[in-house]
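There are 4 protein chains.
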Amino acid sequence: MKLALTEEQEMVKMAARDFLADKCPKTFIKQTQESETGYSTELWQEMAGLGWMGLAFPEKYEGGDMTFLDLAVLLEEMGRACLPGPFFSTVVLGGLPMLDLGTEEQKQEYLPQLIRGEKIFTLALTEPGYHNYDASSVTVEAVHYNGNYIINGTKLFVPDAHVADYLLCAARTKHGNGITIFLVDAKNPKINYSVLKTIAGDKLCEVVFDQVPVPEANVLGKPDQPWSTVQRIIERAAVGKCCEMVGQIQRVLEMTVDYANERKQFGRPIGSFQIIQHYCADMATDVDGARFSTYQAAWRLSEQLPCTKEVAIAKAWISKASQRIIALAHQIHGAIGVTIEHDLHFYTRSAKAAELAFGDADYYREIVATEMGL
Amino acid sequence: MKLALTEEQEMVKMAARDFLADKCPKTFIKQTQESETGYSTELWQEMAGLGWMGLAFPEKYEGGDMTFLDLAVLLEEMGRACLPGPFFSTVVLGGLPMLDLGTEEQKQEYLPQLIRGEKIFTLALTEPGYHNYDASSVTVEAVHYNGNYIINGTKLFVPDAHVADYLLCAARTKHGNGITIFLVDAKNPKINYSVLKTIAGDKLCEVVFDQVPVPEANVLGKPDQPWSTVQRIIERAAVGKCCEMVGQIQRVLEMTVDYANERKQFGRPIGSFQIIQHYCADMATDVDGARFSTYQAAWRLSEQLPCTKEVAIAKAWISKASQRIIALAHQIHGAIGVTIEHDLHFYTRSAKAAELAFGDADYYREIVATEMGL
Amino acid sequence: MKLALTEEQEMVKMAARDFLADKCPKTFIKQTQESETGYSTELWQEMAGLGWMGLAFPEKYEGGDMTFLDLAVLLEEMGRACLPGPFFSTVVLGGLPMLDLGTEEQKQEYLPQLIRGEKIFTLALTEPGYHNYDASSVTVEAVHYNGNYIINGTKLFVPDAHVADYLLCAARTKHGNGITIFLVDAKNPKINYSVLKTIAGDKLCEVVFDQVPVPEANVLGKPDQPWSTVQRIIERAAVGKCCEMVGQIQRVLEMTVDYANERKQFGRPIGSFQIIQHYCADMATDVDGARFSTYQAAWRLSEQLPCTKEVAIAKAWISKASQRIIALAHQIHGAIGVTIEHDLHFYTRSAKAAELAFGDADYYREIVATEMGL
Amino acid sequence: MKLALTEEQEMVKMAARDFLADKCPKTFIKQTQESETGYSTELWQEMAGLGWMGLAFPEKYEGGDMTFLDLAVLLEEMGRACLPGPFFSTVVLGGLPMLDLGTEEQKQEYLPQLIRGEKIFTLALTEPGYHNYDASSVTVEAVHYNGNYIINGTKLFVPDAHVADYLLCAARTKHGNGITIFLVDAKNPKINYSVLKTIAGDKLCEVVFDQVPVPEANVLGKPDQPWSTVQRIIERAAVGKCCEMVGQIQRVLEMTVDYANERKQFGRPIGSFQIIQHYCADMATDVDGARFSTYQAAWRLSEQLPCTKEVAIAKAWISKASQRIIALAHQIHGAIGVTIEHDLHFYTRSAKAAELAFGDADYYREIVATEMGL
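Here the protein sequences line up with chains A, B, C and D, keeping their order. Just so we're aligned: 31 in our numbering is position 31 of the first sequence, and the numbers increase by one with no gaps anywhere. Just so we're aligned: 249 in our numbering is position 249 of the second sequence, and the numbers increase by one with no gaps anywhere. Just so we're aligned: 105 in our numbering is position 105 of the third sequence, and the numbers increase by one with no gaps anywhere. Just so we're aligned: 162 in our numbering is position 162 of the fourth sequence, and the numbers increase by one with no gaps anywhere.
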């Protein structure tokens, strides 16, 4: 047992922190979130140049040959900085499932483009009818016809779809458990995008497939996969999201401790009041627990150990912990936290979105229960 | 002991509910919140015509001669409807303190204007430096000079100041506990207003007094009051805010139960799942507790019984309860609750603002403790 | 709306408080709880003399003609004093159901004996297999045979059965919903009692019916009642238990505030520390909410208004609130609370038992949900 | 980062689990807790034979040369088994402080006796006046006189003192921060012991020193130590206690899952109900977070890294988590959990005692706050 980052991970962490502190100040976030695309192509290229997109991919696809746990450290820093843009969509929702499921040919064609920052990917999974993840919630159909599949239906809450080059689209190809994941050219004119107005600054889209033909060669790996294949993608995405959330809540804690040390009441910093100290201590404790639950899941996933239960514990935990932490941060900030320009709101809104992304606490509680034999 | 509304209160309640259902749909709220003034003059006149502004004032000022508890019922309905505008500022922050503290002359001059809906009032109390309410947080000064007082300084988070005709402004006139409340002509050109951008839809202003002269006759009642005078105003405002919040959370509960009955997963309404049932039951229980704590405080205030502890319990309670209730509502609504146009957000944002208004849970916890002899 | 006790209720309250402060000190409780019978016959007679057993019964049965709400006030004081003995069993579980369901003949025969303190009653309802209350959990059978019913089977957690003169025993007489309540002579030699060792000081028994014959005349009211009949008995018992719990947690709050004012750390009372003040304030707030939820239920029951939802809210609420309150009391008492002789333990143990009695929080949450249409 | 036990730790764990499953069944615990000494000398010798007492001590004192983290694994198993007896007192409160602070001579004399299981040690630190740990709470005095120190005063809540051979006694030798730890012969007739009646099964004693002379040579290390020396002892003890608690709550979780799978309602296991599944999932999540916080602290302590904050986070966390876990376990067990003979009570009572031992959550929250610069 060794509960510290490796030297290499520490380097990734510090380099990312410095770079993002420089390139991603709050003014940049605000402006980027309000832009139509939701990301900066310039920054995107710089990140590619630093090897971030390729970090967790094998060298033969031009990747950095590091592990998922190393990527976890990077994601944590991105969460801490509230970095806007399609990194998560491209790498965690697009690239890693492709690495996992794609044919060698597909990987050789697409991964280098992804790693070089040339193409943006995302995953089109959830649909208007869904309340939580389960096989029956995939109803978009792909009908085999004349050497092609024809995709028809609507996907909802697809992140960054409006700027994506490729969509990994999960569609029903057989009744029962048959789900096929397609690599769809996102620029096909028969696909319609509208960006939803959500409380967070991310770009979630409604994506309407109107008889979109996709060649057989674009089936990611094999057709007619069981729901467990999709579940593995969700699991990895959930851990990735947990990493971002750990970065977010760590930053919220630091902002709050700073504020408590600066703000005065009755002539002394509010951080000298016992109740504020207890609140901050509770926040720190919660951040710590969330971090270790997340690292446990990321480490097991990285080591290819079974991790369904650990992922579920991590996401169930942090989805609630981030609510508690944000609530205490607001409690301590008081009225000042209500003004819309306060930095705290970037985190408040992101946390709300992240809490629900890839399964909320209740969804994962049931997985934990199942894994314990209940 | 009788734990039901009187017949008269039931009538106020139902009339208000019907009127607001008709006049204050969500589209109206949205549009009004986005307008510069934050209220509709037409609706304002209608409400005055219904006798709402005057409901809790004596007949001799053209009021309805009803009690604070009757007003509480009306405020609950306004909270339920998310009614935008300066009713609370005018009646609870302006009129009732005037009734309490003003000279007979002042009451005869101003209250009828208020009751007829001709003039808008508000209270300028908090300042940039404040973290919570206490005597030392009032630093705006009023210097006696040549038959006038000259007010100088900045007030923050003043509701509806930009549309007010009169400001009740608390200023320091003597060191130690000496605070004087002035009835200030809000249109004085030496007063500067800027509306703050806050997360809620209400209009909170920064109000800068730049050497504003106020005649002696505009001292509300007597000069150099102790802090306890201000505290009584805050107490009444806190109870009033609790009433609004009870209306809000009651509505959030109803919306959530409706949603749980409509939304389906695995082919059955999510409200048929045990966990959703428990969440809704917890919400209902919390709403009930909040309502009775609030009624207890409003009843005692109405009966002119000592109520410092009961007010503190009510506001401490509901400030936390509304957080819990809103969080569960979002939990049940899931991803749909993240889209910015969802009605739930009117309540989420109002609740956040209300939680802090006139003292948060921590502020009142300490009052409860003091009242118990700790 | 009137949120205060009537003058008569205030008198009942103060008389009971004084009497119990005198007659039921902690040494008496301890000794009585450790005794075999679990009550003092002398005190029992005194209580009968004060008219306590008959308080809520009509005059024609020698009762005091007061309401259930008046009885609620008395029960609260008994909870506050941790009074041991079969008052609750006799009056709430035995007498009131008899008043409700019995024939005029039965009432005229049994109620005066109960009211005079001559006979002890209780209710034999739950069984070894039960996890929570529902119709199917009653499996003890009563077979009609030759003008008698023959009861066979085991009841569990029957309070005070070992000292009872009469058991109201719920048995299955028809499949489906058919449940009959019998008035059983508790001294029948074919009934076997063993007192269970529980953490609380009350006397819960296993009661084994081995072919016990009961005459038809001892069917309480009519045979083959629906489950809702039993449910009404449980509801009333739940409210009664809530009243006791309100008294308990009120006393725990007072003991804790006193302790916080006496105990010193760093040379000042621990009650002067902000965190202790917040804890006590949270306790007070919780007690208040619990009291009003309980009064709401008791008042509706007393007024014969529909009260299923209100009872459920009260018991769901207080079952959790008393846990929170006791936990904070222990937190504040620190190590001293671990010594077994500390008075706090009387309340800790009673609270644990009361929390589960007549349905725990989860049981009532589901009733609340059902009542809201979920 | 490596989040798994080493092979050696896995071996310690499994060996301990098997041994304790065999030697320490619930009947043994009950009987031992009810005995006067509170431990079995036979089992004590077997444990010494297995090298348990010496596990974390250097070879030169006949120890096993393993680390504190290895000992942590053993303590977790002891907690899991609810092992009664003075192992914790001897090793964690006696031996490890001696290894840390003692002179080479003292270590050579005492540690081998401890490791062989020949002598029992404990720590006499807290006193009647203490509410939480701080320098000023040590008021027992040791006066230097004629080559001896004369100790006078009362220590409270000293574990296993009545069977100890040696007491490490913290006494005030200089005003301000001067505290000296003495190695006191526990059999000195001027020391009086009384075992306190506590709710847990452990043996906590009042120890009265009536002019007890202790030779200078029995000053552990150097006299007049700062409070930080004592604090290090408390920190280690707190981590050790956390380890035991992790074992306890893990076992409570397993018992509860088993029960939920066995117990039926409406003809199906209660573990198939969604709410029970969520409860169990919350318990599992809490156990996991508690385990990692504890391992983090134990690992840092083991690696001699600064760990004040991490220890504080672990103890603050688990003191609350174990309350939550036990409460859910009782919720799920329902009425059956109220019977005093249920195994759950061993854990309920131990958890209560452990929660307070070596500082409760509030004590550690303040340390966390201080460590964050508040």
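Any given hint might turn out to be false.
Copies of one chain are not kept apart here, so a pair can be met inside one copy or by any two copies together.
Said to hold, decoys possible - As a list, the in silico BS3-like pairs of lysine-lysine whose alpha-carbon atoms are at most 27 angstroms apart:
{"#": "1", "residue 1": "187", "residue 2": "264"}
{"#": "2", "residue 1": "26", "residue 2": "352"}
{"#": "3", "residue 1": "30", "residue 2": "190"}
{"#": "4", "residue 1": "264", "residue 2": "309"}
Simulated from the structure, these hints should not be mistaken for laboratory data.
Please list, smallest to largest, the hint numbers that this structure does not respect. 1 and 3
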